[in-house]
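> These are the residues of each chain, in order.
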Amino acid sequence: MNTGHKLKLQPGGRQQEVPAGAPLQDVLFTHGVEFPCGGRGRCKGCRVKMLSGDLPVGPEEINLLTAAELTDGWRLACRHQMAGDLEIELAQWEMPVLGDQSAFNFIPRAGLGVAIDLGTTTIAAQLVDLKNGNVLAVSTALNAQARLGADIMSRIDCALRDGGTELCRLVRAQLGQMVKQLLEQAGATEPVVRVVIVGNSVMHHIFCGLSVAPLATHPFEPEHPGRLQFTAAQLGWPLPGPVSIEFLPCLGGFVGSDVLAGIVATGLQESRDLVALLDLGTNGEVVVGNRDRILCASTAAGPAFEGARIAMGMRAATGAICAVEARAGVLDCRVIGGGEPRGLCGSGLVDAVAAGLDLKMIEPGGRMMVSPAMSLAGSIALMPADVRELQLAKGAIAAGLCILTARLGASPEDVQMLHLAGAFGNYISRASARRIGLLRLPLSRIVPAGNTALHGAKRALFEDPAAWDALAQRVEHVTLNEDPRFHDVYVEEMPFPAHAF
Amino acid sequence: MPDLQTLHDAVVNGDAKSARTITAAALAEGVEPMKLVQEYMMPAMAEVGRRFETNEYFVPELLLAARAMKAALELVRPLLTAQGAQPVGRVAIGTVKGDMHDIGKNLVSAMLEGGGYDIIDLGVNVSPESFVAAVKEKGANIIAMSALLTTTMPSMKITVEALKQAGVRGQVKILIGGAPVTQKYADEIGADGFSESAAGAVAAAKKVVG
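These protein sequence lines map, in sequence, to chains G and R.
Its first residue numbered 1, the first sequence is counted upward by one per residue in this note's numbering.
Its first residue numbered 1, the second sequence is counted upward by one per residue in this note's numbering.
These are computed hints drawn from the structure, not numbers from a lab.
Remember, predicted model here, so these are calculated numbers, not experimental data.
Each statement offered as a hint is correct.
Straight-line alpha carbon distances no greater than 20 Å define the calculated DMTMM-like cross-link-like pairs of lysine to aspartate or glutamate that follow:
#1 R:K17 with G:D488
#2 R:K17 with G:E492
#3 R:K184 with G:E60
#4 G:K360 with R:E56
#5 G:K360 with G:D332
#6 R:K157 with G:D157
#7 R:K157 with R:E188
Rough simulated footprint, nothing fancy, chain G against chain R, three-plus residues with beta-carbon under 8 Å:
#8 46-60
#9 97-104
#10 142-156
Short derived list, chain R residues pointing at chain G, Cβ under 8 Å:
#11 L64
#12 R67
#13 V124
Using N, Cα and C, we set each Cβ at its ideal position, and we do this for glycine too.
Input sequences plus hints: build the corresponding full structure.
Here's what the structure looks like:
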């Protein structure tokens, strides 16, 4: 084909023929590259380095990249089309998506079920045998909508521009495809009788074809917060026979059924003691409660825990510094995959700041005492502004915990068990989380909880949906900014503890 | 008599407790409230702004310094009011309708207060009508609007229109700011001033009210 160009991706050396003029964004997206700003040239998350070929420098690149970076061949992938043969190195790496393999009690049913955790960034799905609860197949993917914006607000922006039809079409098609793949993977002969999907309010509204406009301004309340049910025909999914496809109910604001599923997965709603659940994604959801009362909130902690807005930040993937320890005054870093360090992920960031505090390279106020940056390993360093990003994020989460516990007449120290959900919860050092003041509980009361959203969705496959609706009704959503104490508590939580516990 | 330079330092270092203690002691010793504000607190906030501009300070320090200044100012303000002291200007500040983000707004409010302005904090989710009322009923001569979301930014334009409709546009200067806001947008909607950061708010206010 003489109208095509050769594209070679490094590392890995994957090669493909690409039609001339194809946007690099679309091509790279199929390889798992993310576009944090939606491909509008506003961030440098999608940057690539030219190894051979030529991509002319544009105005956005002059704004966002340094002269040295430009000379080195760094460009923003979202700004370019295929105009010749090209070999590039990707700054981003595919990351592992957290599955779920935990056990629970259930009542057997006939047929197969599918549980889906529809995240803003990643999707995890499991095919479950409803007779015995066995997981027959697992599938994970990047959310296909991510090409149109990385975070919830940019997704809302996009949906408002075109009424949300494109995002809706994308996600319905992707989930249908994933269900089909699960069945093929398992060689399943029995029919799927039930599909349960969980996700935040924005994912819920987009999937269900509801307007996201009410989520774009105050009071940020979902248009239709309830559980919605679909048939395979309505969604265009290739599933024969009667199948009930349900998106579980939202809790209020941006807090959706993924958190509801997390509550069930951790048994918070049945606990006699005060229990908390933290999901440290972009929204930083916090739940506090027990069998009597449950409060939830999202904290706008920002994406620092996911390595975003950190100068050398990246997701927890090959090449990421995921752990840092101070040994005899020297920093010892662990790199995922064991090779050359390429960046710093959330757990590494928390560790690095904790170590910096212990070594007095960082003051409790957050100021870095070494200049110009704190070197970690290889060419990777922690910058003064990174410490501030973490400070703001941890302040928001800690303040959220504070306000919710206060509303229950308690304090964060009264929490008997704190579940850390999501990938970050599994990798973070609990000792470092305590050192930076994110959590103040004894280590024995902090537990990594895995993918609680997927686990909860799987349980829902076996349960009466009415019980879930009732639980959702019980959970009270708190808008933190509306609490008069929030700003003061937030500022109060800003400094790091002066000493280790 | 406490060393008043320590008040300046307490604000710069974000030490609310000391700022309050020193102020209380100074007032008890009979130091002029206006002297505390003009010679120590205002220069301290200016120093905080300077350090922010030079990347020495970041948002967390701004927040802490603002809190320290507020703690001191709370003791001084009633005395100033009793003396009938005239502020540099009266600012009605708020985060626009639909938007609940108040951290940036609070910072700007603290910087302006540190710059000698009288602040009417309208809070978050402020309707155009409330801004208009602040001009008509409370005599604000500056309106400062903040928005963090692209979805709520249009509320600024609506407020400018509402001020025109109410016939008070000529009495006030309008300042806008927030993450998605640009000078270009300020020009488009006919705002008088714009600041990229909280630290630049005082300069922006001075520019429009002279």
